[in-house]
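As given, the protein sequences belong to chains A and B, one line each in that order. Just so you know, we're using my numbering here: the first sequence kicks off at 5 and counts up by one. Just so you know, we're using my numbering here: the second sequence kicks off at 5 and counts up by one.
Mixed in with the good hints, there may be bad ones.
Pairs count within a copy or across copies, as identical chains cannot be separated in the list.
Derived BS3-like pairs (lysine-lysine); straight-line CA-CA distance at most 27 Å [unchecked claim]: (1) K89 <-> K309; (2) K197 <-> K187; (3) K273 <-> K187; (4) K197 <-> K309; (5) K371 <-> K176; (6) K176 <-> K197; (7) K233 <-> K176; (8) K273 <-> K89; (9) K139 <-> K301.
Hints in this document: simulated from the structure, not taken from any laboratory. These figures come from a predicted structure and were not determined experimentally.
Number of protein chains: 2
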Amino acid sequence: MALFALEEYQTRWKKAQSKMKTAGLDGLLLTQEVDFAYFAGFHTRFWQSPTRPWFLVLPQSGNPIAVIPSIGEHLMRQGVVDNIKTWSAPDLNDDGIGILSQTINNIGFSNIGLPYTMESHLRMPLADFQALQEKLPTVEFRDDANIARDLRMIKSQAEVARIEQACSIAGKAFARVPQTIHKEQSLAQIFRKFQIICLEEGADFIPYLAGALEASGYNDVISPAHDVKGREGDVLMLDTGLIRDGYFCDFNRNFAIGKIDPMVRDAHKILTDVTELAIEHMKIGTAISAIYDLMQKALTQDGFKAGGGRLGHGLGLYLTEWPSIIADEYMPLSDNMVMTIEPSIEMPNGKILVHEDNVVITAMGAKRLTPYYGEMEII
Amino acid sequence: MALFALEEYQTRWKKAQSKMKTAGLDGLLLTQEVDFAYFAGFHTRFWQSPTRPWFLVLPQSGNPIAVIPSIGEHLMRQGVVDNIKTWSAPDLNDDGIGILSQTINNIGFSNIGLPYTMESHLRMPLADFQALQEKLPTVEFRDDANIARDLRMIKSQAEVARIEQACSIAGKAFARVPQTIHKEQSLAQIFRKFQIICLEEGADFIPYLAGALEASGYNDVISPAHDVKGREGDVLMLDTGLIRDGYFCDFNRNFAIGKIDPMVRDAHKILTDVTELAIEHMKIGTAISAIYDLMQKALTQDGFKAGGGRLGHGLGLYLTEWPSIIADEYMPLSDNMVMTIEPSIEMPNGKILVHEDNVVITAMGAKRLTPYYGEMEII
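Use the sequences and the hints to build the structure in full.
Structure representation (C-alpha cells):
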C-alpha cells in the first residue's frame, strides 16, 4: 500500500532521528495527514472526516508506532509501520489519550517534540492535548525544531518523479482546454469539465481547483466557481492542485475568451518572462530572497507592478510546503527542492494576473516540471 | 458569494450569541474551514494550503470580524462579513498574531471560547497560539461549550435542501455504475470513472472517495484505490462524499462483479433491512443509543455479527459531523438533524460489508435523502 519501498521510509526515519538527537528530542508526536503519508506511507482520503484523531510516535531510536482508530488498522497494516495500537473511535470517554499516553510512558520519553510553527497545526482536540499532558507530567512537550517540515522540503528522486507525473497530467489537461471548453459555459461548468479532463488524463483526484472568468484579469486567485458565463474579452484562469500517487502539482494557466485587451497580453508576457528569469537564476546556493527581489523588480515596468504576496513556494505531499519565495527568506536553494514559481502582476486597470509553474532544483539548475506555456491560448 | 441570504447567517450569529451569553463567553475564536463556511459564508478550496492561518472572531454582541490573510480579502468581501482585517501572509515575523490580538484587545474580551473537544482542532501553529495568549494576559482562553458544533448539528431547511441535492447527484452517479463500469477495470480506473460520472451529474467536486474491489466482501472502508482488476465474485464498494453548493452527501453502494457468494447477498439483505428498521425508529426524541442497540442486535443473526465501530453520524458542511450513533450517546434525535445510517456486518468469512444511507429527522419521522437501494446490482 505504501507508495515507495521500505528503504525510502527507513531513510526518512533515520534522518529525522539524527536531527532529533541534535535537537535533544526523545521522540516526535505527529498528528497530521502529511506526517502519516511521509513517515508511515499511509494514504487515505478519510482525513476528510474530522471525527477521529490519529497519532504517530517516532522515537529517537527504533521504528515508529501508530496509535490509531481501529477503522484504520487494516490499511495501516499494509504499509511500513508494524507497531500499531488501536482503539475503537469515537469513544466519548477516552478517544485514544489513554493508549497514547501509555505508549509514550512505556518508551520512557523525557520530552517529545510537536510540529509547532508555520504550516503546522495539532490535529487533535485541545481538551485531549491538555489531558495528554496531564497524564504525562514528567514529559516535556516541546517544539520539534521543524524536523518534519525541513525533511519534507528536500525531495528524494522517487518523490520528484511523482510530482513530475502529477505535473504532466495537469499539463495534458490544460492543453485540452481550448478544444474542450466553450465560451458559452459558466465557470461552474468549466470547473466540472476541467476536473473530468484531469481524471481522464490520469489524476487520482483533484483536491484543489480555483479560478476566475472575468473581463481583463481578476481580483483574487482562490475563488470557487460561479454561474456567470464568460464573455468576449474575459480571462479564464484555472489553478489546480491534482494528485497522482500521493503527490501534488500546483500550477495555473490563463486563457483568453476571444479577443482580449492587449494590456492583458502584455501582462502575461511579463509573467512568463519573469518565470523564465527566475528559472535561470534558481541555482543551488542562491538565496530565496534574491529570487524574490529579482522577480519583484522585473514585474514593475510600464505601468505594471508586482501583485503582492509571495512569488512561489514548496510543493509535494501538500499543495503548499516550505519555503516561501518572500523578501525575508534568506535560505539558500538546495538540490531536490521542488518549488512553484508564481509571479503576480497588478495591471493599470487594478486587476491582477498570475502565472505559475513548477520546477525542481538540481545541480544543472532549475528544471521545469510543467510544460512551457507562452502566449495565452484563445477559447 | 455566500450560499444563503444574509438572514440565514444572522440567525446563526444570534443563536451562537445567545448560547455564549448562557455559557458566560465574551466571544468565540474560530480557525477551521467549517466555521468560516458556517458563520461567514466563506467557501474556497484554498484550505488545501496549510500555509496560512485564518481567524474569525464572533463577539457576544455585534457582527463577526474576520482577521485573514490578504489573499482572501476580495473573496471575503463578497460574503456576509463586513468587518475584515488583513495581513500579508505568510509573514515570518508575525503571521497575524499582532493584528488578531489587537482586535481581541480592542473589543475588550475578558474571555474567549475555542472549539475544544471531539471533532475540533485549532488550525493555527501551536507557537502562535502561545504567542497570542502571551499578548493577551488578561483574556482567559476557554472551551467554547461546543456552541459551534451543536449549532451545526441542527440544519436549517435551506441546508437540508443542499444536502438532499448532493445526495441526489451521488444517487444518479451510483445508478449509472452498472452501465458504466466494466469488470476488466482496476479499482483505480473505476475511481476515476466514478468521479467523472459524479461531475457529469452535477457534483462541484468530490473530496471523499474510498472503496474496495475484493472477493466476497472487504476488510476496511477507508482504502484508496489500487491497480488490481476485479474478478468474478468480487464486491465493488464505492463510498463517496461529494459536494454541491458547499454541502456533502456521504453514502456508499455495493455492487456484485458477476456471480457472488450467496452469503454476501444475505449480508447485504440484513444491512438494507437494518437500515429500514433504523429509519422506522429514528423519531424526534428517540435516544441515539436506542437506535444503536436496535441496529446492533438486528445485525447479529445466522452467523453474522455487527462489524464494530459507530453505526452512523451527522453530516453537512463536513463529511462527518456530530453526533455518532454509538452505545453511549444518549442524546435524543431532534428535528432537522441530518444523519447517516451506516450498518456494518462481519460475515462468517471474516470480511465485512457496509451499507450507508442519509436521512433527515422530521416531525413525520426520518426521511430518506438517498434513493432506496435493495439487492446488490450486478456488473
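To see whether the hints hold, each was checked on the structure:
no.	hint	in the structure
1	K89 <-> K309	between (55 Å within a copy, 23 Å between copies)
2	K197 <-> K187	both (13 Å within a copy, 26 Å between copies)
3	K273 <-> K187	within (23 Å within a copy, 49 Å between copies)
4	K197 <-> K309	neither (33 Å within a copy, 44 Å between copies)
5	K371 <-> K176	within (18 Å within a copy, 44 Å between copies)
6	K176 <-> K197	both (14 Å within a copy, 18 Å between copies)
7	K233 <-> K176	both (24 Å within a copy, 26 Å between copies)
8	K273 <-> K89	neither (56 Å within a copy, 33 Å between copies)
9	K139 <-> K301	neither (54 Å within a copy, 36 Å between copies)
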